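Trainee: Now for the letters of each chain:
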Amino acid sequence: MTLDKEYLEYPNRRYGMDHDLYDWSILQKRPNITWPNGAKLALWISYSLEFFPHDQPAKPFKAPGGMVTPYPDLRHFTTRDYGNRVGVQRLWRVLDKHGLKATAAVNSKVAERYPYLIKKLNERGDEVIGHGVDMGKLHYGGMDDSEEQALIKESLGVLREACGQPVTGWWSPAKSQSWNTMQHLAANGIDYVCDWGNDDMPYQMKEAGGNLWAMPHGSELWDRTIILDKKHNEDEFVEEMEDAFNVLYGETDRYGGRVLSIVLTPYVMGLHYRVKYLDKLLGWIAGHDGVWSATGSEILDAFKNQAK
Amino acid sequence: MKPDLGLYDYWPYEGRPKIRWPNGAKIAFWVAPNIEFYELDPPINPKRVAWPRPHPDVLLASSRDYGNRAGHWRMMDVMDKYNVRGSISLSIGLIEHHPELIEETRARNWEFFSHGIYNTRYSYEMDEAQERAIMEDSLESVMKATGQKLAGYLAPALTHTERTMDLLAEYGFLYTCDLFQDDTPQPVNVNSGRLISMPYSLEINDIIVYNSYFGTPRRYGQMIKDQFDQLLIEGEDCGTVMCIPLHAYAVGHPHRIGGFEDALEYITGHSKEDVWIATGREIAEYYYENCYDECLADINSRKGG
Numbered sequence: 001m002t003l004d005k006e007y008l009e010y011p012n013r014r015y016g017m018d019h020d021l022y023d024w025s026i027l028q029k030r031p032n033i034t035w036p037n038g039a040k041l042a043l044w045i046s047y048s049l050e051f052f053p054h055d056q057p058a059k060p061f062k063a064p065g066g067m068v069t070p071y072p073d074l075r076h077f078t079t080r081d082y083g084n085r086v087g088v089q090r091l092w093r094v095l096d097k098h099g100l101k102a103t104a105a106v107n108s109k110v111a112e113r114y115p116y117l118i119k120k121l122n123e124r125g126d127e128v129i130g131h132g133v134d135m136g137k138l139h140y141g142g143m144d145d146s147e148e149q150a151l152i153k154e155s156l157g158v159l160r161e162a163c164g165q166p167v168t169g170w171w172s173p174a175k176s177q178s179w180n181t182m183q184h185l186a187a188n189g190i191d192y193v194c195d196w197g198n199d200d201m202p203y204q205m206k207e208a209g210g211n212l213w214a215m216p217h218g219s220e221l222w223d224r225t226i227i228l229d230k231k232h233n234e235d236e237f238v239e240e241m242e243d244a245f246n247v248l249y250g251e252t253d254r255y256g257g258r259v260l261s262i263v264l265t266p267y268v269m270g271l272h273y274r275v276k277y278l279d280k281l282l283g284w285i286a287g288h289d290g291v292w293s294a295t296g297s298e299i300l301d302a303f304k305n306q307a308k
Numbered sequence: 001m002k003p004d005l006g007l008y009d010y011w012p013y014e015g016r017p018k019i020r021w022p023n024g025a026k027i028a029f030w031v032a033p034n035i036e037f038y039e040l041d042p043p044i045n046p047k048r049v050a051w052p053r054p055h056p057d058v059l060l061a062s063s064r065d066y067g068n069r070a071g072h073w074r075m076m077d078v079m080d081k082y083n084v085r086g087s088i089s090l091s092i093g094l095i096e097h098h099p100e101l102i103e104e105t106r107a108r109n110w111e112f113f114s115h116g117i118y119n120t121r122y123s124y125e126m127d128e129a130q131e132r133a134i135m136e137d138s139l140e141s142v143m144k145a146t147g148q149k150l151a152g153y154l155a156p157a158l159t160h161t162e163r164t165m166d167l168l169a170e171y172g173f174l175y176t177c178d179l180f181q182d183d184t185p186q187p188v189n190v191n192s193g194r195l196i197s198m199p200y201s202l203e204i205n206d207i208i209v210y211n212s213y214f215g216t217p218r219r220y221g222q223m224i225k226d227q228f229d230q231l232l233i234e235g236e237d238c239g240t241v242m243c244i245p246l247h248a249y250a251v252g253h254p255h256r257i258g259g260f261e262d263a264l265e266y267i268t269g270h271s272k273e274d275v276w277i278a279t280g281r282e283i284a285e286y287y288y289e290n291c292y293d294e295c296l297a298d299i300n301s302r303k304g305g
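Those protein sequence lines, which keep their order, are chains A and B.
If you count the first sequence from 1, position 130 lands on 130 in my numbering, and the numbers rise without skipping.
If you count the second sequence from 1, position 70 lands on 70 in my numbering, and the numbers rise without skipping.
Treat each hint with caution, since some may be false.
In silico lysine to any residue, SDA-like type, Cα no more than 20 Å apart, as pairs [claimed, not checked]:
no., chain 1, residue 1, chain 2, residue 2
1, B, Lys81, A, Asn246
2, B, Lys18, B, Leu296
3, A, Lys5, B, Asn45
4, B, Lys47, A, Glu6
5, B, Lys144, A, Tyr10
6, A, Lys230, B, Leu296
According to the in silico footprint, chain A covers these stretches of chain B (three or more CB under 8 Å from chain A) [stated by the list, open to error]:
no., region
7, 35-44
8, 110-122
9, 241-255
Keep in mind that the hints were calculated from the coordinates and are not lab data.
Every value quoted in this text rests on a predicted model; they were computed, and no experiment measured them.
In this text, a Cβ means the ideal position worked out from N, Cα and C, and glycines have one as well.
All chains, please: the whole structure from these sequences, using the hints.
Mentor: Given below as structure tokens:
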């Protein structure tokens, strides 16, 4: 077996990226950003409300958190559902205690199945963003384009109808996209996506006529990643988040306003033995001067007003 | 397939020549940031999949891109602070994609060594001409961009062929980072010329610690310090080499940079008589000049027991 000649050809070997989705740009070489009231750090707390169906297509892969055992996988189905019933209430209590805002990524199936949650989100003033139809229906390279358009229309249509919010943000299930996802999102009123983990600040996508922005919503400062994937304990979770805070906060004198994005999962961080560590962390963060707790679209608006 | 490629001879750790690095240092220390370019839509290699998800694998590809956009500059600040130059394991294609990164590191007198053209193009199934083309491309591109004659090689994504070491020696590379049999350099058995294995690491490599051992960032810093302490003691006997391989897409995150900084502060706090802070090329050149013949003679004298 040998490799084709084209394996050593590099048609996209050129300045910048090897694709046209966004421009190459160095975080530390950009103009400094100022947040409202001279805040140093925008604190962006987001969490997901997800429905994991038993009959997930698992196509082309299973979303993290998806069913594991042979059908019916009651253990995973119910532990995920625990987050929507119990876990999220605990997250809300901690957020309220420290007066922090949040952004909720909601599967449209959750809005249909649990109208209570939508009512609560609106009462709380949490920003609702799109999160696909459910965790079984992924967007992925090679999927049928009309199928994807239908998923996006269903997801956003149901969510907007249910919550009455404009819903301008989007976090793809499993942070997975097709080559067309962003075009369809922009065409359906989405301003920002949470799938790209390559930056600590918002940046503009070239895709979809430049009407779409990537928000810094990485896969690292995420309870799922630190606690479930890396198996770090709760003290370590707090330590890592505090280290991240200190570094970003410290950088603001030189580089201007920064964003600390903390991503939470109700069925992970909302557990009984775990939530007190979130309380400790958020209390510690909220005790600092110059922290602006904001939703995704508030941060993006403040950013966009200065970026042009 | 062969049971053993015979790239080096068995060489017991005990009783080796008492190597000393410059200033009589017992341990030669180098830092090797991998500055990599991962293509969003690379061609398929039959032996290894670049991305686990269908292209575009937005989740993983963007996590790699983080290193060049954000992480590198944070990592470089820390290295500047402790006056440590990097030896860059470079995806050669990045010279065209991100020349700013090359200019800034070159201005700091960092070394560049080849890590293939892209970290999404693997050596598996390459014929000899193709593998030669990678090395020639590397040599020419780095010379043109930096004026440096490449001295080191770490195969792209650690993908090798039976020929890799012979070709490196033929092209005049001084060292390979692909062999992990020892904590000191060792002559590699090649068809022509000379080549040494340079201790790199698949242990205190940030990716291995974070993603295989699931170490916390602070634990990573402690592992580095512990390894340094041990190799400093053993360096008294035989002159050891310690490398911290890094990936800015991992260590350059805000929650991780602190652990690395602690370790760098600890190591650079030692005297010049203890630790020689160098680049891969500097260690290799010193070794060829002062240690190669003696070590080779020792290896040959101990063959067969």
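Trainee: Which numbered hints turn out to be false for this structure?
Mentor: The structure breaks only hint 6.
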